[in-house]
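Protein chains: 2
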Amino acid sequence: MSLLTTNTALVGRVTVAVDAMGGDFAPQATVIAALESLKKNEALGIILVGDQKMLEALLYLDSKKSIPQSCSNGDQPQKPTECSDISPVPPHLKTLASTFKDSGRLAIHHAPDVVLMSDRPSRALRRKQNSSMAVALQLVKDGVAGGCVSAGNTGALMLLARSILGMCPGIDRPAITKKLPAPKGGCYVLDLGANVDSTAEHLYQFSLMGSILVEAMEGIEKPRVALINVGEEEIKGSEQVRLASRMLAECEGVNYVGYIEGGDLFNDVADVVVCDGFVGNVALKTGEGVAKLLYQTLLRRFDGPWYMRLLGKLMMPVFKRFLKSIDPSRYNGALFVGLQGVVVKSHGNADAQAFEYAIEQAAEEVERKVPDMINSRLDELLF
Amino acid sequence: MSLLTTNTALVGRVTVAVDAMGGDFAPQATVIAALESLKKNEALGIILVGDQKMLEALLYLDSKKSIPQSCSNGDQPQKPTECSDISPVPPHLKTLASTFKDSGRLAIHHAPDVVLMSDRPSRALRRKQNSSMAVALQLVKDGVAGGCVSAGNTGALMLLARSILGMCPGIDRPAITKKLPAPKGGCYVLDLGANVDSTAEHLYQFSLMGSILVEAMEGIEKPRVALINVGEEEIKGSEQVRLASRMLAECEGVNYVGYIEGGDLFNDVADVVVCDGFVGNVALKTGEGVAKLLYQTLLRRFDGPWYMRLLGKLMMPVFKRFLKSIDPSRYNGALFVGLQGVVVKSHGNADAQAFEYAIEQAAEEVERKVPDMINSRLDELLF
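Chains X and D, in that order, are what the protein sequence lines are.
Counting in the working numbering, the first sequence runs from 1 upward without gaps.
Counting in the working numbering, the second sequence runs from 1001 upward without gaps.
Source of the hints: derived by calculation from the structure; they are not laboratory data.
We put the CB at the ideal spot given by N, CA and C, even for glycine.
Just so you know, not all the hints are guaranteed correct.
Unchecked claim - Quick partial rundown of chain X residues pointing at chain D, CB under 7 Å, derived from the structure:
1) Gly193
2) Gly258
3) Leu265
4) Asp268
5) Val282
6) Thr286
As the list claims (entries may be wrong) - Restraint-style ranges between C-beta atoms, simulated for each label pair:
7) Gly258(X) x Lys1039(D): 40 to 48 Å
8) Lys1292(D) x Thr199(X): 29 to 37 Å
9) Lys320(X) x Leu1381(D): 48 to 56 Å
10) Pro317(X) x Met1117(D): 41 to 49 Å
Let the hints inform the model, and build the full structure from the sequences given.
Encoded structure:
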């Protein structure tokens, strides 16, 4: 493990380790997001994990001109393309960075290596223990940080998290979940892609975890849990889903409400929606694709004669609010559940604002002590 | 089998048997849709299959007052609730109905029974051989109609179609497919719910059928075929999907372009998209759910102060065109492929206009001789 380069016993009730090198726009986006988060949430402390020199060059006014040619620690320039891409962090944020550093709410933790998007997860597990991703997870394991966020390689993050943090007792596989918006609150869907070919037992475990998570995060007592199926009738669906349904119907600790279909995800008929990761991932991405298509279609309607373009201009404020309300970046930050620690996965192509939402998610999970709650409630339910 | 009540050797190049009793708004919606279709497509002939007296009462001006109390053939009033619900078919359509009947383009074929939405498919197969659904399929089998359309119970339609029409040689299971819209043309997705737990071999067969279908329906030579996966990298995804990918990569008769994710369904990166029916069904319904949610969200934006409502009113024509362009009913009508005949499934809750699209789909498939093409091309590819 790398040495701490600054004091990491951070001030603040909630400390989040940020994999500063993960994602398409790292480290600029991750650094800006970290600073904006610190500005907004006074209870927050952040440890930026990554190439120390690069991060310092980005963060501090006085080190602006000291960016080395290699942009790295010299021996392993893992992301050379980023050297010339370093767009300066806005000066007002740099000023803030020094303040946060001085008040002990911001620290840099050096990690010499980076997990690439093209790395096979198994290779990352064997070879990238000094990566920003692995070191951020290790900080959680060691109790230095309450949770961590990464926009890097999902498979690698999952495998490293399982290996470094370990699983909750009684849970075979971690799941990925996030909250989908709906008019009256929305629902958490799991799994969103950590697992394929889930068995009934896995779906059952996802249901338990989802139920506890939503109780902790949303304060909903006995959240309604539903299984996704291809039809609402008891006779339809795959063998594993029907078996999971029978297991849930017999489980007193879960408020199981039965099957729902894909279209019901936005109807507020359940608080927790459970499915196999293949199904959840395709559904989520299809939904995002439809939203994008509709937005483009709508915009094209105003790209005609002058009066249509004028109407379009008049409507812009409304569209902007509309767009903001459906903006996927507002819902960035998927939670890994089933692990002994808080791990939030950001979209790889998240910009600074989207990454900020992911940090917010992690901070909230840490504050609400979600892993502890899952551990203790699972203990009651399973053993 | 029931007797033909009118001459069914219909005039017209394309004859479609319509299960007039299937769906939430049958028989009114199906009858109106049939008449509108005949009005628009002069090459079309339609056989309405269902309760003869009820259909006659709906169709013809002179029989308007002769609706019997039982609304049925007397012995089995299968859908008694509809007796009082018969809203008259508009008079101008009734006038047309007589003309169509006289010119030999419209016929009624009596079927005393109805498959209910609550019927188990296996029960429908054993007990409902005299249902409008089964009789419509039998008319296709006998060559009286080129294809058939139903808005009834999907599982029953699938089982009855397999039993009555039989499968194409070399195909284990039929698949459900429809065209999803996208800016530059869209793609056909299969399977949309006929099968769960598809093996690699099934996915491979769906790919072959999809490729031939799109070539026939859209005139695209060597359509691009993609598999849905949870990531684009070769290492991700379930065992069966990866195996299917290897099979397709080796198949010279298919222009296989690799994996796509859910969000790519609307990016025009493939003409045929293949997945397990559970995945396809959930993705499709999620997409429809998102579209509905966005539309409602947008409308709410104009439900505020007076100037917003005024803007909303000004925008209505634009919204209406927008809404029409994304209206799921425009895309109503899913094709069953792999069967020895044309079978189109309409949404159960389709109104007359949506059902018309389904009839249109069937007519086009019949005209383009899709089952013949699939049969002969499969023969080249598989044997």
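Going down the list of hints, with the structure as the test:
| no. | hint | verdict |
| --- | --- | --- |
| 1 | Gly193 | 5 Å, holds |
| 2 | Gly258 | 16 Å, violated |
| 3 | Leu265 | 6 Å, holds |
| 4 | Asp268 | 11 Å, violated |
| 5 | Val282 | 4 Å, holds |
| 6 | Thr286 | 4 Å, holds |
| 7 | Gly258(X) x Lys1039(D): 40 to 48 Å | 44 Å, holds |
| 8 | Lys1292(D) x Thr199(X): 29 to 37 Å | 33 Å, holds |
| 9 | Lys320(X) x Leu1381(D): 48 to 56 Å | 51 Å, holds |
| 10 | Pro317(X) x Met1117(D): 41 to 49 Å | 46 Å, holds |
Hint compliance for this structure: hints 2, 4 are not met, and every other hint is.
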